[in-house]
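Got chain A; can you put chain B on it based on the hints?
Number of protein chains: 2
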Amino acid sequence: MDGKSNFRNKNYSEGIPYATIKRMPIYYRFLGDLANKEVERVSSRELAVKMGINPSQLRQDLSYFGSFGQQGYGYRVNELLQEISRILGLNQPLNMVLIGAGHLGTALANYENFGRRGFVITAIFDNNPAKIGDFVSGILIHDIKELRQYLQSNLVDVGIIATPAEFAQEAANQLIEEGVKGIWNFAPVSLKTPEEVIVENVHISESLLLLSFKLQQKRLP
Amino acid sequence: MDGKSNFRNKNYSEGIPYATIKRMPIYYRFLGDLANKEVERVSSRELAVKMGINPSQLRQDLSYFGSFGQQGYGYRVNELLQEISRILGLNQPLNMVLIGAGHLGTALANYENFGRRGFVITAIFDNNPAKIGDFVSGILIHDIKELRQYLQSNLVDVGIIATPAEFAQEAANQLIEEGVKGIWNFAPVSLKTPEEVIVENVHISESLLLLSFKLQQKRLP
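Residue numbers (my numbering), protein chains in the order written: chain A, 1 to 221; chain B, 222 to 442.
This is chain A alone, in the form it adopts within the complex:
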């Protein structure tokens, strides 16, 4: 910790409500927007209104991480953004491998914002001989058979699973057995993983089914 930082260096997630944790990326996004517009300071009220939450909720959220801002002055946008980046772990790069070079995998590999935030995809893996050896966004597609060896010789923090459902668990198993601690899963399956591995799921279809459900509700008398 450097001397300037005023947040407590502790395991935040203990004792912090999950709702607060889930809002951290949203604070990050809104503060990033303000920083891009070269806004220098923001009151908790303004920021809360933008985010559609209560100002006291915002102050409560940030209080879990230390004391930010000053009464009557508000927050310095750049300072708060930096602190939140640090809280989110964005001060050190995350090395990622992508498994599955289909349409979704390709979209993820092409996502420009990752690099800016220190998320780097170092290799892609697929089982389709027609794709192996190609590049997506400058990243080589390897044979999935080389995954284990790659993980053994490279530091990988996160495995992105963008395979069809039936290959996802096997991909997860290999990642876990080779020591990868984070899995970002896009396959429509519930992965079986040991407790120490962190899994974030993006279940795209489930989101559409929820939308369908809610629309259906509106149609009913």
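Just so you know, these hints were derived from the structure itself, not from any lab.
For every residue, glycine included, the Cβ atom is placed at its ideal position computed from N, Cα and C.
Hints may be right or wrong, so weigh each one.
Stated by the list, open to error - Straight-line C-alpha distance at most 30 Å; calculated DSS-like pairs for lysine-lysine:
{"#": "1", "chain 1": "A", "residue 1": "50", "chain 2": "B", "residue 2": "402"}
{"#": "2", "chain 1": "A", "residue 1": "50", "chain 2": "B", "residue 2": "413"}
{"#": "3", "chain 1": "B", "residue 1": "366", "chain 2": "A", "residue 2": "50"}
{"#": "4", "chain 1": "B", "residue 1": "258", "chain 2": "B", "residue 2": "271"}
{"#": "5", "chain 1": "A", "residue 1": "50", "chain 2": "A", "residue 2": "214"}
{"#": "6", "chain 1": "A", "residue 1": "131", "chain 2": "B", "residue 2": "413"}
As the list claims (entries may be wrong) - Chain B residues, not near chain A, derived (Cβ > 10 Å throughout):
{"#": "7", "residue": "266"}
{"#": "8", "residue": "288"}
{"#": "9", "residue": "295"}
{"#": "10", "residue": "349"}
{"#": "11", "residue": "350"}
{"#": "12", "residue": "351"}
{"#": "13", "residue": "369"}
{"#": "14", "residue": "402"}
{"#": "15", "residue": "427"}
As the list claims (entries may be wrong) - Taking beta-carbon pairs under 10 Å as the criterion, some of the chain B residues facing chain A (in silico):
{"#": "16", "residue": "245"}
{"#": "17", "residue": "250"}
{"#": "18", "residue": "310"}
{"#": "19", "residue": "311"}
{"#": "20", "residue": "315"}
{"#": "21", "residue": "330"}
{"#": "22", "residue": "336"}
{"#": "23", "residue": "341"}
{"#": "24", "residue": "344"}
{"#": "25", "residue": "376"}
{"#": "26", "residue": "439"}
Just chain B now, with coordinates in the frame of chain A:
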């Protein structure tokens, strides 16, 4: 309602915990897997274990929608799958338009499972002259300038927003002004929408930031 159905035709979402609603797509997925394997019946215990929830939670969830299954026999997989499909609104097709033919939009347009479930993308819109007139997965890419007119002459239930952040609100405004009631938003913005419009967000980057946060937590002493 046909005579066979035993679920109550009411507005489910009133009084039903959101956690239950969010599990419906997961029941749908697990029951679909069982049906694909031609499993005929399943006990609440088996299904709950597969889903990693409590059997009593499962029975409670389903009780909101009517009485399913029989003591000591369990659920008929196909029957329960049908009922849940109906609850999710999958018995009538949803017409969707896709705005944004970038990598993510292309991935969505190519997603094969949509069609099987009655989700149909009828048109794609983009502002890139190089893309307009092309087809993705057999669907024509129109000029975004034609969006309003298209919405006026076609029944559209859902607008999928897969544009960069800065175009998302304008796309949403046009959809809403032309009467679209559902928005499936992939742009990293919080859309301003009237209450009667249902928005489901898939904030892909936020999911990665959460993963980063949790990994960061593990690294701290």
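**OP:** Sort out which numbered hints this structure fails and list those numbers smallest first.
**Re:** When the structure is compared with the hints, numbers 6, 14, 15, 22, 23, 24 and 25 turn out to be violated.
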